[in-house]
Amino acid sequence: MTEIFGVPTQALMGQLMIGLVNGSFYAMLSLGLAVIFGMLNVVNFAHGAFYMMGAFFSWMLLNYFGVNYWWSLLLAPLGVAIVGIIIEKTMLRWLYQLDHLYGLLLTFGLALIIEGIFRDQYGVSGQPYDLPELFKGAFDLGFMMLPKYRAWVIVACLSICFATWFVIERTRLGSYLRAGTENPKLVQAFGINVPLMVTLTYAFGVGLAGLAGVLAAPVYQVNPLMGSNIVIVVFAVVVIGGMGSILGAIVTGLALGLIEGLTKVFYPEASATVVFIIMAIVLLIRPAGLFGREK
Amino acid sequence: MMKRKLLSTLVTAALICSAGTATIAAAQQGKASDDVVKIGVLTDMSGVYADYGGPGAVMAARMAIEDFGGKMFGKNIELVNADHQNKADVAKNITQQWFDRDKVDATFENLNSAVAIAVQGLGKEKNKITVVTGAASSKLTNEECSPNTGIHYLMDTVALGNVVGKAIVKDGGDSWFFLTADYAFGQSLEKDTGDVVKAAGGKVLGSVKHPLSTSDFSSFLLQAQASKAKIVGLANAGLDTVNSIKAASEFGLTKNQNLAALLMLITDVHAVGLNTAQGLYLTEGWYWDMNSETRAWAKRYEERMKKKPNSNHASVYSSVLHYLNAVKAAGTDDTAAVLKKMKDTPINDMFAKGGKIREDGRMVHDMYLFQVKKPSESKAPWDYYTLKGTVKGEDAFQPLALSRCAALKK
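The listed protein sequences correspond, in order, to chains A and B. All the letters of the first sequence, read from the start, carry residue numbers 271 to 565 under the working numbering. All the letters of the second sequence, read from the start, carry residue numbers 720 to 1129 under the working numbering.
Misleading hints may appear alongside valid ones.
Unchecked claim - Capping the alpha-carbon separation at 35 Å, the derived lysine-lysine pairs in DSBU-like fashion look like this:
| no. | chain 1 | residue 1 | chain 2 | residue 2 |
| --- | --- | --- | --- | --- |
| 1 | A | LYS418 | B | LYS947 |
| 2 | B | LYS949 | B | LYS1111 |
| 3 | B | LYS1026 | A | LYS406 |
| 4 | B | LYS1075 | B | LYS1025 |
| 5 | B | LYS928 | B | LYS811 |
| 6 | B | LYS811 | A | LYS406 |
| 7 | B | LYS974 | A | LYS406 |
| 8 | B | LYS811 | B | LYS1060 |
Keep in mind the hints are simulated off the structure, nothing from the lab.
I would like the entire structure built from these sequences, with the hints used as guidance.
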């Protein structure tokens, strides 16, 4: 068997595959963050809480109402988006004119509250969410067993990321959005309802987080801490990619998943830190991030 | 977290007020150093181990105080609790404040081995009793031992390895690979279990260390899979064990290899679900459905906490009650006198029968080997275990002769 740096190629390929799965989650979450930051100028620290909420909603839908996985793929993110709309309408909108710090503090506080409520109700060990029947089992790729569900996660995340990028960068609706953030007054003068657009953008961003939560539910334990575990890494991803850069968020998310996977092979103890080391290096060399533009 | 702290402060304040105004009816013999017996429960209230200890442990301590009668030498017994966030330095600060300023007489629970080692060290320095239940590192009664202040009550990594390790090697599982939580507890567990496996004629093929509270274990499991070991030993606990088991079943590891959860409590089994956890072997010091006494206590606990207790919760109850009885018998809360009483008196309650605290601080009691039931065998919620064997305390725990505790070798 061939080896690379003393690690069998097979093991390496397996790790890269898993890195890709994790990277997909990172990409989807950081995409939502990037969209929200780009359009609203809000650093949405509650993103992890919305991700957790998505997972919990799908668990609740299944256990209290018997709604299956496929419907919760639609309904849970919708529920999360509605919560997002309420928060944007009642709280966030007052902060757009202020420093980023205020939005960050508000959303951070919200994240703590939301997490606290779920923790109080469900404890920290979490709830199991069984795999949908269709995805039980694994593909034998020769070098590893790839669980069908993980393959689905990669496909789903990548398509959603691509669709979002396409809508924002290549369609008329996307151009309104981008214009609205550059100069809201002017866009409003053309008869476009900018506040509504902003609300929907926030709803869409957190809905994406909710959807990632539904996708994650069968893979991880549905537990109140799942958001705070991942949100810090996701922030690092956004910082590395460049705040507000959509393409940057997607590419960096995937790349960091891969790098993390490799670290787990060569020096597993550092796997929790490697992302931040990269972040520090990127900030030193390119403070605006890899894909960000200096303003 | 803040809310809970605020709440506990309020509760404590209320307790202090009520203690101040209470009139003492009968003259009582005996005296506590500062008039009041005050115990602290230090645990993880909100992190990965919050279901393992957490609010349930505080409730168990409260139940023990209530069952004792609530009063010692005519004064209300006080209970304080704090969240150490699984950080040894935070734990040390809180404990220091408890001992120095708040006049706490003894601390209980102290889960997380890094925390337990720090707290026990502080107890040694300040001459205060520290009872560890949730943490499992065998270092607590060996390298880090404190025979004059520290008690290790529930299980330790030697016992865990002894019971499950021996049973599995005997069953033919003679090659092992460890998935280890990268801190004091995981390292102890890996070493102690590895020693048992080797002593029983098995081999340890390797191990991989993961950071505490990892959400995705798939890549570590791939390494375990590549090792071709027959048994993958999970030298971790709580949510980490839960996530490892989920990932293992997803990646088909369980087809050719078997998992051994070295420290898994019923709350973890509940979280994984029987579908995934069925067939697992595990060691526990207590199970709610063992006899009428355990069931009765578990029922009372469940009425308050809305879920069944695990062995850690039961041992917090038992240790607090044992401590209070010892203070009463000694007629003082003086550390040396109380500790002597605790060691002289055998423990006979719903948690342990004939339990005994040894001179190194190790509480020796029977340990049990359980297998997780199939979903079809489970008749009610929380009906999860089949008893596979009882291991006598002397056989489960490390014999005193092998102790590496320097303070005992005078």
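Evaluation of the provided hints:
For the proposed pair LYS418 (chain A) and LYS947 (chain B), the alpha carbon gap of about 23 Å is at most 35 Å, so the pair holds. Distance check on the hinted pair: LYS949 (chain B) and LYS1111 (chain B) sit about 27 Å apart at the alpha-carbon level, within 35 Å; holds. Distance check on the hinted pair: LYS1026 (chain B) and LYS406 (chain A) sit about 30 Å apart at the alpha-carbon level, within 35 Å; holds. Restraint check: the Cα-Cα separation between LYS1075 (chain B) and LYS1025 (chain B) comes to about 31 Å, which is no more than 35 Å; the hinted pair holds.
Of the pairs offered as hints, the one joining LYS928 (chain B) and LYS811 (chain B) holds, with about 26 Å between alpha carbons and a cut-off of 35 Å not exceeded. A hinted pair counts as satisfied when its Cα atoms are at most 35 Å apart, and LYS811 (chain B) with LYS406 (chain A) does not qualify at roughly 47 Å. Our distance criterion of 35 Å between C-alpha atoms is met by LYS974 (chain B) and LYS406 (chain A), whose separation comes to about 14 Å. Distance check on the hinted pair: LYS811 (chain B) and LYS1060 (chain B) sit about 27 Å apart at the alpha-carbon level, within 35 Å; holds.
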